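Peer 1: One-letter residues, chain by chain:
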Amino acid sequence: MSVARLLPLIVAVPMFGAALLVGAGRRLPRHAAEVLGCVFSGGAAALALGALAATSGAAPRPAEWVGGWRPRHGAGVGIVLVGDPVGLGLAALVSVLVLASLAYAWRYFDEPPPRHAGSYPGLVLLFQAGMCGFALTGDLFNAFVFFELMGVVAYALTGYRVEEARPVQGALIFALVNSLGGYAALLGIGLLYARTGELGLAQIGARLDAHPGGPDPLLVAAFTLVAAGLLVKAAAVPFHFWLADAHAVAPTPVCMLLSGVMVELGLYGTARVYWTVFAGPGGIPGAAVHRALLVLGVLTALLGAVMCWLQRHLKRLLAYSTVAHTGVFLVGLATLGPRGTGGVVLYVLGHAGVKAALFACTGVLLDRYGSVDEHQLHGRARELPWVGGLFAVGGLALAGLPPFGTALGKAVVEEAAGGWATALCVAVSAATGGAVLRAAARVFLGLGARHPADAPAPGEEGGEETTGKDEEPETRGGLLSRIPDTMQVVPAVLLAGALAVGLLPGLRAAAGRAAAAFTDHRGYTASVLHGVPAPPAAGEPPDWSAAGILWGLLATALAVALALAAVRRPVPREAARWTVPLRRLHSGHAGDYVAWFLAGVTVLAALVL
Amino acid sequence: MNAIGENAMGVLPYAVAGWLFLMGCYGLATSRNLIHAVGCLAVCQASTYVLLLAIGYRRGGTAPVFSDVTPGSRPVVDPVVQALVLTDIVIGATVTALLLSLVIQIAKRHRTVDPDELSELRG
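Respectively, the protein sequence lines represent chains A and B. Residues 1 to 609, numbered by our numbering, are exactly what the first sequence covers, in order. Residues 1001 to 1123, numbered by our numbering, are exactly what the second sequence covers, in order.
It cannot be assumed that every hint is accurate.
[Unchecked claim] Covered stretches of chain B (chain A as the covering partner; in silico rule of three or more C-beta atoms under 8 Å from a C-beta of chain A): (1) 1040-1051; (2) 1057-1068; (3) 1073-1084; (4) 1106-1117.
Hints in this document: simulated from the structure, not taken from any laboratory. All values derive from a computational prediction rather than experimental measurement. Note that beta-carbon positions come from the ideal geometry of N, C-alpha and C, so glycine has one too.
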């Protein structure tokens, strides 16, 4: 069986599992439903990893025309799944994270309503199928369908606890903004079809290349609309507003998936569409795309880092740190070269492990104490040294402590993007890692002064801040008296994975090859349409450098210093005045976010023109 | 008259699609009722139907159903975009149903469907 024949299975296995769980869930006891969920997600993970191992050195990219609808003379309406290394790698990452998330939720979730034992693992499997399909598809309209599939399931999972006030509000905002982005992307796809008469990525790219020349308004409009839709999913400023609201309310295992990999899939989609469709002579000039991604990336990184530092709600803190890191990923992708892209590949791998582990530790706090508020939990988690240690290690890894994968990816991105990018990366890492360490010092060590609790906290009664007080625990039987082993082992394993990303030399070489193939516009077309092997990738693989290690250590030291300085200072009774406008921007109002979306589309178009 | 009419017909569907999308966004941004907002999102989506069908339109074409039309005997409109629109409608139905069910839960838990009064998530 060739590798190409495996590709549809990576999508179909979790989808079949979801159908089975939904169909038989009424009769299944709970643990059987959970075992089935793990079996199907693990099966897809094994398939994706196997396909990845089989294709690591080989060219051409395996491509499977579903149903045998191959193109004739370069034209056709068939749908293709392409197993290029970055797409396969993301499918593998998705599957492994889903498995981790299901293991974390093992017997932990609040008892589902009777006869609905299959609904949660079924939804998660459907989410996995959507994400794997999005990573593997070589067809633009299909990408839209998978984009919407993973979107719809994510909205449902975010609002999974429908009997509570906050989750339904966060899910609605998430759904409105992301659906609007999806429709904008579909308008762009329609324009591309009108121009080329094709829907496959490789075919559209080939048709555009047949007419080289400057971009005309239609092409610019198409690129802007498609990129805007995907950047909504990627939470780039000013499309990022939904993210914190959704992450603050989603169940913890779902947060692990949203932050760990779904947001990154938006970035993947943007870069994939650019490289396969627009990177040729008939597409959009590289300078314009570089400018657009760079401006959005820098803004995203800075705003995310500042908002992250300002949070006291731990899940929102982690959500904004995801926004900040998305900005750094965008800066890396904006280099439009294999080196920066390779750095982003490593960074995404490391970040997924670290961020999922941090969310997992936060979930333990939520279920033990019914709160995710940094001040309310002050010193209460001293009894959980193991979880506290994991949380602190996660903070250090987020700050870029070598040899974690995050530090390696960041170092490579810094080198590829130039000197000022180093300053940006150090600042973002120090602020986000510092915020996590600050929370760890307060919550797990009880350092520093308590919040002046006698006065009403600034989050209540019309304040501009969301506190994490009085959250409903997600476990059955209310607050946990003992932390289940799975909830402690899963974050440890995830952190070990992030460490392995930085340590395994084979992974670095594979990331370098994957990035070279990913950024090869002609090679993709030749390989998908004609089955021609792409030339072997040149260039040295991304690797550690002395400067990268030093900057990583510096960022970590800065993060620790920031955390200690913040803990030592007395907690101000009111938020600093300069933060108020920033907080007011994040109003939790779907209408405002739609207005920002339109503004963002306009800015993006102006940058690309 | 005929030429002008043809030209106007040529641009009109695209203008309608753009207008629908922008009006839907305007409605979403200024909505005071979440059910109205969900409707506005459906309006935005309607713009994608109009755009796709306009792209597939052929002058003088008939429906691409070959049970009573010999292939090649007369022009037909592009069947691909019709398949896309069908898929799009299915997606739209799913999204709208999910959104409306969330609105029902919001009405139950928050006792309001005015987005201006939902203030749980800020900053």
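Peer 1: With reference to the structure, classify each hint as holding or not holding.
Peer 2: Structure-based check of each hint:
1. 1040-1051: holds (count 6)
2. 1057-1068: violated (count 0)
3. 1073-1084: holds (count 3)
4. 1106-1117: holds (count 5)
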